[in-house]
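First to last, the sequence lines map onto chains A and B. First residue of the first sequence? That's 1 in my numbering, and the numbers climb one at a time after it. First residue of the second sequence? That's 1 in my numbering, and the numbers climb one at a time after it.
Any given hint might turn out to be false.
As the list claims (entries may be wrong) - Cut-off 25 Å, straight-line C-alpha distance, at most; resulting in silico cross-link-like pairs (BS3-like, lysine-lysine):
{"hint": "1", "chain 1": "A", "residue 1": "Lys45", "chain 2": "B", "residue 2": "Lys45"}
{"hint": "2", "chain 1": "B", "residue 1": "Lys357", "chain 2": "A", "residue 2": "Lys186"}
{"hint": "3", "chain 1": "A", "residue 1": "Lys45", "chain 2": "B", "residue 2": "Lys357"}
To be verified - A few chain B residues facing chain A, derived, Cβ under 8 Å:
{"hint": "4", "residue": "Ala13"}
{"hint": "5", "residue": "Asp35"}
{"hint": "6", "residue": "Glu72"}
{"hint": "7", "residue": "Ile88"}
{"hint": "8", "residue": "Leu126"}
{"hint": "9", "residue": "Lys184"}
{"hint": "10", "residue": "Asn215"}
{"hint": "11", "residue": "Leu351"}
Please keep in mind that the hints were generated in silico from the structure rather than gathered at the bench. Everything numeric in this text was worked out from a predicted model, so none of it was measured. For glycine and all other residues, C-beta sits at the position ideal for the given N, C-alpha and C.
2 protein chains.
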Amino acid sequence: MVKPLLFGVYEQASVGVGGSPSLWTHPSSTRIHSDRLPFWINLAKTMEQGGLDLLFFGDVLGLYDVFRGNHEAAVKWALEAPADDPIIHIAALTSVTKTLGFGLTASTTYDHPFAFARRMSTLDHLSEGRLGWNVVTSYLDSAAKNFGLNYQLDPSQRYDRADEFLDVAYNLWEGSWADDAVIKDKTGQTYARGDRVRRIDHNGEYFKVQGPHVNAPSPQRTPVIFQAGWSPRGKEFAGKHAEVIFVGKGTADATRSGLAKIRQNAEAWGRNGDEIKALMSMRIIVGKTEADAQRKYEAIQSNYHLEAQLVSYAGDTGIDISRYADDEVLSTASKGHASKVERPIDGHKPLTAGDVKARFSKFTRGEETGLIIGTPDQVADELGRLAGAAGIDGYLISQPVSPGTVDDFVELAVPALKERGLFDDKPKQGTLRSRLNLKGNDRLPTEAYGSRFRQSA
Amino acid sequence: MVKPLLFGVYEQASVGVGGSPSLWTHPSSTRIHSDRLPFWINLAKTMEQGGLDLLFFGDVLGLYDVFRGNHEAAVKWALEAPADDPIIHIAALTSVTKTLGFGLTASTTYDHPFAFARRMSTLDHLSEGRLGWNVVTSYLDSAAKNFGLNYQLDPSQRYDRADEFLDVAYNLWEGSWADDAVIKDKTGQTYARGDRVRRIDHNGEYFKVQGPHVNAPSPQRTPVIFQAGWSPRGKEFAGKHAEVIFVGKGTADATRSGLAKIRQNAEAWGRNGDEIKALMSMRIIVGKTEADAQRKYEAIQSNYHLEAQLVSYAGDTGIDISRYADDEVLSTASKGHASKVERPIDGHKPLTAGDVKARFSKFTRGEETGLIIGTPDQVADELGRLAGAAGIDGYLISQPVSPGTVDDFVELAVPALKERGLFDDKPKQGTLRSRLNLKGNDRLPTEAYGSRFRQSA
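The following block holds chain A by itself, in its conformation from the complex (with noise of 0.2 Å):
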């Protein structure tokens, strides 16, 4: 049986976002213009009338200095900069949206987990519930010398820190107030009951914090968990605490037994790893007919520059390759260095710094690439058909053009979808967690592994 799919946007507080770094001098680009309200109180609008689900926000600490040891390229190519705080955008966002949800990437390496939670808290309530956080462990050593390291911590050290971080965040978000805690009693003189509000005393490794929490439950109480590590560890921890998995570019093979790894860990929590949903990244080029949407691709293409690719890449993978002449193999520059996907982009084979300017060279369509192009039935079918491959229950579209791709997908895609029972066209309404159709509805499920914190009736 066919079943809908769910359809977000991702989108960075930068000009030039991952994946499509150079973009912003396409001619109908006006992402120089993404410091100010307006680029952004569009795009929400856009997509809550076209009844897409959610607006996710990717987020780095520091600039791309690894491409010549300097970050003059990413400045000059604007790659993943400015980095603004989407805090600001989606809380500015929800006031002039009802029902879209939003996704927020936070990092649990350089905050204190007492500060995001009670952020995360009030994000919840002024939006009635619409947060996602999508967890990292943050990849940058530039983000690291931000915060007193002199090279980040190692990956492992990251993900303890991460599950420590976790355990309090929970503990304040599920177990600090009790459900019946706040009766608003006005005549009684009440506003909550103190004897059923209860400090957290957390005294680990990484954190010692007292609590209460200084929030009153909000709607959700935890937000919608992402996740989006690949590795063995990253994807441990998905399967402890992960409701949605954003899965980056890559086979239909591939994310399938990446998905079943984290399903299956999934199970050893006490879950059941088939409620866990996954969104992938995909960049789409729709047209009215074939020539147009490939007009489209080459506008795109012709702005389409290799050295923000290859700046992007040494950020990602910590490899400097303007030191490499092109028959020369890559290797990681700095030990302890993790790529942003947390696996060798490039998987095991040998790569010259031929070979990735050959492929950064070229927006290229593919499941390798994540890149469809074609008419609304055609891109149509190929979402339907990748979703069913690669068992996922939607995707997070990134805009080669901005604005423009999403109006596109809005205006061309989504009819044809919607024909194909693709796309859900109810009325869209609820806090995140119940739109996503996740268990728990409102919030997170009794077997999850944060309810372990709630108190007892």
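Once you have looked at the hints, place chain B on chain A.
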């Protein structure tokens, strides 16, 4: 010559607000719904339409748990609780207002300057320069315990850390990106000139931060710096950094002499102390007639509860007044606890518990209690007189009844103030710094301490 005053509103992202903590029980109050946006949008729009200058949020990072040694009474009375994070409120309100300024209270004691500077730059961008920052060092032991400490750092260490925090923040805001760095040149494929963006390489006692700042320069770069500390060290800090002083309630004479000291401290930093603005905390009950004002006062008094005031007193001073008989003299309970206002709240006279209870049993008008009651003419006259006597530039109005107080102020007091030339009725626009008529217009003035971090042209 009469000059127009500045008017802001003091708020907290809480149900109970400091100064009138139990008044969410007033029949007209909707504060129990202040966890949703309509409460705040209504306030912000009323202020903007009324031509007020600034919505200012106080903040705390823990519950008031001194009274009876636990948090139960604080939760019952919603005393500065729940404490949502007001940066989310300000961000949410930027997209539904055009000209209103915002003030955020944020502590330098528990945050990291790189992350904080990034959030502030983002908010200054999206608000188009409408942001102020009230620099505080925190005063609750309960907050320290939420961030891994057993007790607070002593006040002198907190200010040392604050000074270094400001150095890092100024360097990121003022020094990292030159004025000519961002060129947004699409055809030239250059967002910003990499050689005009520099690292800050800060290596101090509390922080080590490489940079560059990941945000492009925002309209004000450094948000307008507010400060409220009144201890000798607080006044030193204010002389060095503050553009606006937030003055608590107190007599005109005490205010004038305290401000004179701050202005004198500013001269030592090469600043003109007279350019520092001062806003005084004030509660205003205005009615069409004296009888009308009196009726409003009585409704407030009957929802003003002593226990909530005592919970507040205990948290502010560190003295658990619940443990004292009425005839016992109070003394500070925990060593190293600094009172909220950084001065003995009652001067140097030995005070008994009974004295404090008598004082807080009523909502009393007067300079020392910061409460004005009267007709529009009476209120306007008193605001004008007190401003002259205390040497201040305007007021931050606290709301005994919300909604209500600000609505009354705009409807009744503002016309009377305009008649006297005490309210600027020019249309409001521009950055907060320009709107408050601060030196430098949009940016910190040349002689500001923070301007020392700028790159030469």
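Cross-check of the supplied hints:
1. A:Lys45 x B:Lys45: 21 Å, holds
2. B:Lys357 x A:Lys186: Distance of about 23 Å is within 25 Å: holds.
3. A:Lys45 x B:Lys357: 54 Å, violated
4. Ala13: This hint holds: B:Ala13 lies near chain A, its Cβ roughly 7 Å from the closest one there, short of 8 Å.
5. Asp35: 5 Å, holds
6. Glu72: With Cβ-Cβ at 3 Å, under 8 Å, it holds.
7. Ile88: Since chain A brings a Cβ to about 4 Å from B:Ile88, closer than 8 Å, the hint holds.
8. Leu126: 5 Å, holds
9. Lys184: 4 Å, holds
10. Asn215: 5 Å, holds
11. Leu351: It is violated, given that the least Cβ distance between B:Leu351 and chain A is near 27 Å, above 8 Å.
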